[in-house]
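Go by the hints and put chain A onto chain Y.
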Amino acid sequence: MDALALLADGISRATSPELLIATLIGVVVGLIVGVLPGIGPAAGTASMLPVAVGFGGTAAIAGLAGIYYGAMFGGAVTSILLGIPGDAPSVMTVIDGHALAKRGEAGRALGMSVCASFIGGAIGIVLLALLSVPVAQAALAFGPTEMTALMCFALSLVTVLGGRNILKGFTALFLGMWIGMIGLDPIAGPTRYTFGFPDLFEGIDFTIVAVGLYGLSEMFLSLSQQTTGKLESYSLKSLLPNFRDLVTCKWVLVSSSLTAFFVGVVPGVGATASTMLAYATAKKYSRNPSEFGSGSVRGVAAPEAANNSASYAAMIPLFALGIPASGTTAVLLGGLLMVGLQPGPLLFTTNPEFVWTVFGSFWIGNIMLVFLTTLLIPVLASIVYISTAVLYPIVIGIVIFGVYSIHYSMSDVTIALIAGALGYVMLKLDYSPVPLVLGLVLGPLLERGVRRTLIVSEGHLSIFVQQPIALALFALTIGVLVLPFITRRLLAKQN
Amino acid sequence: MFAGCLVAFGAYIVWNALAYGYMRGTTPGPGFFPFWVGLGIVSLSIANLIRSLRGAEIIESQFDAIGLYKALAIVGIVTVFILLTPWLGMLPASGLLVPALAFAIRPRWTRRFATTMLAVAVSFPVLCYYLFAVYLQVPLVRGVFGI
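Protein sequences, first through last, are from chains Y and A.
Residues in the first sequence are numbered consecutively from 1, following my numbering.
Residues in the second sequence are numbered consecutively from 1001, following my numbering.
Calculated directly from the structure, the hints in this document are not laboratory data.
Do not take every clue at face value.
[As the list claims (entries may be wrong)] Facing chain A, from chain Y, some residues (calculated, C-beta under 8 Å):
1) MET181
2) ARG192
3) VAL425
Here a beta-carbon is modelled for each residue, glycine too, at the ideal position from N, C-alpha and C.
Chain Y on its own, in the form it takes in the complex:
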């Protein structure tokens, strides 16, 4: 069946009351997360993960994904009105969006950001539907050896996701892999690193660590930050789509969405880098590049279309290959595992209804966001001024109840708290928490894959290089690992 017909089917299923409510909750939380400077999409998704899982299968993932792409819409509001990017992907929107607002054209900038976000999102969803099936079908040819090679490749992305210091990135990755080994050994049986605590025999749930590491630690980190900025005024009428602006920006909207999608689909690149590239490309090919930076409506259209398109691109490696391409998709992967689904090529054949309904909910959520963002702009702009002394205790309280409700255990709350403190120290010392989460999710899968393959081959390592796909993936892994060192060497030589 045609991918677009499957998407249409998914959209009709996503209009069920249960899914509509889950998507609505997700996008509203996402808008708020996008607005709040201290909390990014990864922290927001992680904090809501325990609660969302209670909604059950499709509704849980629809709600969680809603937080992710909802944050892309929300981030633009404070970027334009206050000059404060709510999250990293909306950093580029500040440049021209806030300049327009200061010129008294805040409504025009906000209207364009909503339109661009919708168009970028729509293009992203259509491309996601068209490309995810071929990618998944290609990955179906993967046996255990190829999957092991794919896991190695995913882990090598630490060179991109691990922050400035690659050594620290890999240290965090190994720490995550070690946390994933706590509990019963999946093959031989004995318990490992449980320190005598029976609660650790079953291992440490990914969600609990993610909630602490992303949710709590980011809140701890932002406690010493203060929000400052002057709210620019606008009229509600000016928020309506300006047809002339849309015609002026039509090519920027399409090209930025396409650029960001194809760049964002590469694991590790993420929405922020895609947005920067789309902005730079739009400026380079503009007839009047000098207008960028001083309040160009094209300078709002390009990053907003790009960050929404890229957020859907990141879903391809997640759903079709089972690889989290960013911190937020790592949390979504945890959500999928928690609702009993293993993301990867088989998901499209074993649970097609689930996949297409979730994709359909993206479309519904994208439409919802157009209306919600336009209507809620005054509320969203004022949320940024809510005191953290009111907001954070409520969020921490909900996180505690949510973590407890996963296994009805207060030990999980303790683990989340330890993870939060660890995340705070790591962030302060420049250790990115993303590799730790990657290691925690992919480490146990890699261990099982390697050990099972070696059991089959009776310990012969040559099995890993007998398949051409596996060989190519290992070569790619080595390339990803070595490339930063070569680049640094060359740059040092040039300097």
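Leaving out everything else, chain A in the frame of chain Y:
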């Protein structure tokens, strides 16, 4: 200091991995993966330690006293909440948790803020009751008073 702790921790992982068994016949044992992970932590942390001692490591976000105090206070308050829960029950303890956290974040309260926090402290357990106990049917911890 952190890198130094990680070196010791990595050594602990390697030590235990060898005890679990590196190989079982021709196939990897339960200690195979932890051994390499521990070794990775040790070697990378030594490299980080050397970089740090040489002054090659520049950390942009330093620990600030206020932020650190607030983070520690929150960790302490949540720990007290965990300890109090079996006695008070989750819902009543959360009514104390929320204003305590607010106090840690903002120690100076105005009358208006105190009123807001009182309202939040009362409504938060009610919200959690309906969301978790009623809607999600989570069996919350009850205290000695049965709530």
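- Task: Tell me, in ascending order, the numbers of any earlier hints that this structure violates.
- Result: No numbers; nothing is violated.
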